[in-house]
Amino acid sequence: MATTTDTGADFRTRLQEWLPKLVLSPSLAIMLVFVYGFIAFTIYLSFTDSRMLPSFGWVGWDNYDRLFRVREWNVALTNLAIFASLYIVICTLIGLTLAILLDQKIRGEGVLRPIFLYPMALSFIVTGTAWKWFLDPAIGLENTMHLWGWESFTFNWIKDREMAIYTIVIAAVWQSSGFVMAMFLAGLRGIDNEILKAAQMDGASNFQLYRRIILPQLRPAFLSAFVILSHLAIKSYDLVIALTGGGPGNATALPATFMYSYTFTRNQMGIGAASAVIMLMTIAAIMVPYLYAELREKK
Amino acid sequence: MAAASTETAIRSSNVTRVFIYLVLLLFALFYLLPFGIMLVNSLKPLSEITGGNMIALPRDWTIAPWLSAWSTAQIGVEPTGLRPYFINSIVMAVPAVVLSTVVGALNGYVLTKWHFRGATIIFGLLLFSCFIPFQIVLIPMARILGLLDIAGTTTGLILVHFVYGIGFTTLYFRNYYAAFPTELVRAAQIDGAGFFQIFWRIMLPSSGPIIAVSFIWQFTNIWNDFLFGASFASGGGAPMTVALNNLVNSSTGVREYNVHFAGAIMAAAPTLLVYIVAGRYFVRGLMAGSVKG
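For the record, the sequence lines run as chains A and B. Note that the working numbering numbers the first sequence so that position 160 is 160, with each residue one more than the last. To convert, take the position in the second sequence, counting from 1, and add 299; that gives the working numbering.
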């Protein structure tokens, strides 16, 4: 029975069966090492006495203990809370408003939409450069208002320890709100017009249509926007570096800038690793349930 | 689909419509202003910026700031201008984009057309890697790049961007191929076509749009990256974003704002150009990255 051609064919079928897994395996291996292996390594480091270089003396929860006693970390957490909540809420409001307005059979939608969205294509470093100067009282908006005769106008948030974090919000909203608009617009375009027409026939006002029919149908878009914006907020690093450098003082420090400065410039790698672990856990708390639900649904 | 079916059935009065246009135009101004003013001021001599109005058009138009930003401005310690860093970014981005797209396409193909146990878990693991804060991998990555002896080089950055791009490209191709009729693949299989033949002859020819999406998004992300560039590239090997930040935030000497603006626009130009030329795919990539399925 087993002729040579048969075993040859057998081998080829076997190979064809294994090929898909074979093709996927390098990616899987890369992922297991560079993502999950690295995460494990950083978590391990966060329990060691690493300073300038990784070292492996076990110190238990010491780094976490010290981390939460560092003033700058608490500043960073407060800033993140302020920044993330304002960033998410304002982006969602602007995005939703623009999407609803653009959805009113607007002439020139094809021109307006790309204008709202182009900041998404820019690097945060470019955005930071543009806004840093626009917000600089000496040459930016404040100076212009003075030149136009509005002498009492002041807008020096970027130099003000209390207000500087809000300038980060302004620039970040400028960059991302168009993206939220695009997500909502896609949602609006997917709504069945027959239901709207039926409701109009029943005498529903526009406001009622939006409140009762349209907004509830945009739930998935709200959820996606929240998830995407919150993970962007937690990861925010470039914009702070370009706009304020974390200053004045450390008034605009965020967890991402804290991690970098403790790990690489202050040689406190153990504490830096601990802060990175906290960042990961925060994002995981949002992303894991979301991804789990998304993947289950499609099965 | 006909245009009429996607447009809303909501009706509004003329007064409302005027108001709507007004709000939309104000927002357009908000989005255009910072970048537009930067462009205008990059064409002014420095004295007109420090002593004048930022909204005003230049009295003396000049391209000197652009020339300076490109070839003579002080970046770090060397007066090289941004040109070498621009080239670094291209040398870094192109291979990383191509590699991650090829691998993503194959992964997407396997995950959608060759079902096997654990495929969803593997995809979930890949997907989560898109969203991790990269701070969590910085320390071990620095070690590995050192061990491989590619620390501080463009090769190192290519590796980094390739590795952390796979999740996204797999997501794009998986979602795209999920909608591709599996019957065609099965029919080709019965006709004796092999794994790669099917990919090459059946999947790839219809993958144009998603390849465009993947190229554009990977390019935008990699070109705009700052964290990896700042962490793993040193001195002359830095990418454009890091060089721009050095230029703008260097504390020595007179702040040449006009040169900074010209540099910022140079750093923005490639991704902006891609956006203008292929905006449609840009928006699609955005959707694919946010609405999974």
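Since the hints were derived computationally from the structure, they do not count as laboratory data. Bear in mind the structure is a predicted one, so any value in this text is a computation, not a measurement. Just so it is clear, CB atoms sit at the ideal spot from N, CA and C, and this is done for glycine as well. There's no promise every hint is true.
Sample of chain A residues facing chain B (criterion: CB under 7 Å; computed from the structure) [stated by the list, open to error]:
hint : residue
1    : Ser-27
2    : Phe-34
3    : Tyr-44
4    : Asp-103
5    : Asn-193
6    : Met-201
query = Close enough to count: is the Cβ of Asn-193 of chain A nearer than 7 Å to one in chain B?
reply = With Cβ-Cβ at 4 Å, under 7 Å, it holds.
Status of the Asp-103 of chain A interface restraint (C-beta, 7 Å, chain B) = holds, 5 Å
key: Closest C-beta approach of Ser-27 of chain A to chain B relative to 7 Å, hint status   = holds, 5 Å
request  = With a cut-off of 7 Å on the beta carbons, see whether Phe-34 of chain A makes it to chain B.
outcome  = This interface hint holds because 5 Å falls under the 7 Å limit.
message = Met-201 of chain A was flagged as interface toward chain B. Is the shortest Cβ-Cβ separation under 7 Å?
response = violated, 11 Å
message = Under 7 Å is the threshold here; is the Cβ of Tyr-44 of chain A close enough to any Cβ of chain B for the hint to stand?
response = violated, 10 Å
Checked against the numbered hints given earlier, this structure breaks hints 3 and 6; the rest are met.
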